[in-house]
Amino acid sequence: MSEKKGFASWLFGKKKGAEEAPAEEPGVERLGSPLAGKLIGIEQVSDQVFADKILGDGVDVIPADGKVYAPADGTVENLLESHHAVCLLTPGGAELLIHVGKDTVALGGKHFAAHVKEGDKVKRGQLLLSFERDALLAQGFDLAPPVVVSNGDEFVMEKAEGGEVRPGDTIITLTKRA
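Just so we're aligned, residue 595 is where the sequence shown starts under our numbering, counting upward by one.
Hints are not guaranteed to be accurate.
[To be verified] No more than 27 Å apart at the CA atoms, straight line, and that leaves these computed lysine-lysine pairs for DSSO-like:
#, residue 1, residue 2
1, Lys632, Lys647
2, Lys753, Lys647
3, Lys715, Lys704
4, Lys661, Lys632
5, Lys753, Lys632
6, Lys696, Lys753
7, Lys704, Lys632
8, Lys770, Lys753
9, Lys753, Lys717
10, Lys696, Lys632
11, Lys704, Lys753
12, Lys696, Lys661
13, Lys715, Lys753
14, Lys711, Lys696
Please keep in mind that the hints were generated in silico from the structure rather than gathered at the bench. Keep in mind it's a predicted model, so treat the numbers as computed, not measured.
Produce the complete structure using the sequences and hints provided.
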């Protein structure tokens, strides 16, 4: 039995894009990968602040390129002046921190660009930050960007298995605690 397709899907072979959020259940949020790269456990990050989960639990994506996308719909709550980190608040109340690189704050924004500002409403898959990956690696920076849920104690967190991910692939599922 074949699956019924809409006209545009049939004509253009359009498939559901990775940046499209899956249907949500009440109290459940699925966070997409903000980067293309390799998903690893946050415990493997060289920055002990993140590895020890001092700022919260999450995962890490070793970047294949230099683009950071919104893992969920939300509001930009904080954008560091150096543009190496951004904090989002999702509609379900998750506080997310995406932080690019160990000690990159010392660069004062060199090699980083912000595509949003504080207070902006963003959609899942929207470009938030970009960075010059190769230039940063050439200078010896460890770029593995953690994706942290800083108020993770308010949720039951299910993390995806490690491996290659594309922007929008679900990496964390959060279920609000009762």
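Going down the list of hints, with the structure as the test:
A threshold of 27 Å between alpha carbons decides the hint, and for Lys632 with Lys647 the separation of about 20 Å falls inside it, so the pair holds. With a CA separation close to 14 Å, the supplied pair Lys753 and Lys647 stays within the 27 Å bound. This hinted pair checks out: Lys715 and Lys704 have alpha carbons roughly 25 Å apart, not beyond 27 Å. Distance hint between Lys661 and Lys632 is fulfilled; the C-alpha atoms sit about 14 Å from each other, no more than 27 Å.
Proximity of Lys753 to Lys632 is assessed by CA-CA distance (about 14 Å); at most 27 Å being required, the pair is judged to hold. Restraint check for Lys696 and Lys753: the C-alpha separation of about 22 Å stays at or below 27 Å, so the hint holds. A hinted pair counts as satisfied when its Cα atoms are at most 27 Å apart, and Lys704 with Lys632 qualifies at roughly 25 Å. Proposed proximity of Lys770 and Lys753 is supported: the alpha carbons are some 15 Å apart, at most 27 Å.
Between the alpha carbons of Lys753 and Lys717 the distance comes to roughly 21 Å, so the proposed pair stays at or under 27 Å and holds. Proposed proximity of Lys696 and Lys632 is supported: the alpha carbons are some 17 Å apart, at most 27 Å. This hinted pair does not check out: Lys704 and Lys753 have alpha carbons roughly 32 Å apart, beyond 27 Å. Of the pairs offered as hints, the one joining Lys696 and Lys661 holds, with about 17 Å between alpha carbons and a cut-off of 27 Å not exceeded.
For the suggested pair Lys715 and Lys753, the alpha carbons sit about 25 Å apart, so the restraint of at most 27 Å is met. Simply put, Lys711 and Lys696 have alpha-carbon atoms about 22 Å apart, close enough for the 27 Å limit, and the pair holds.
When held up to the earlier numbered hints, the structure conflicts with hint 11 and nothing else.
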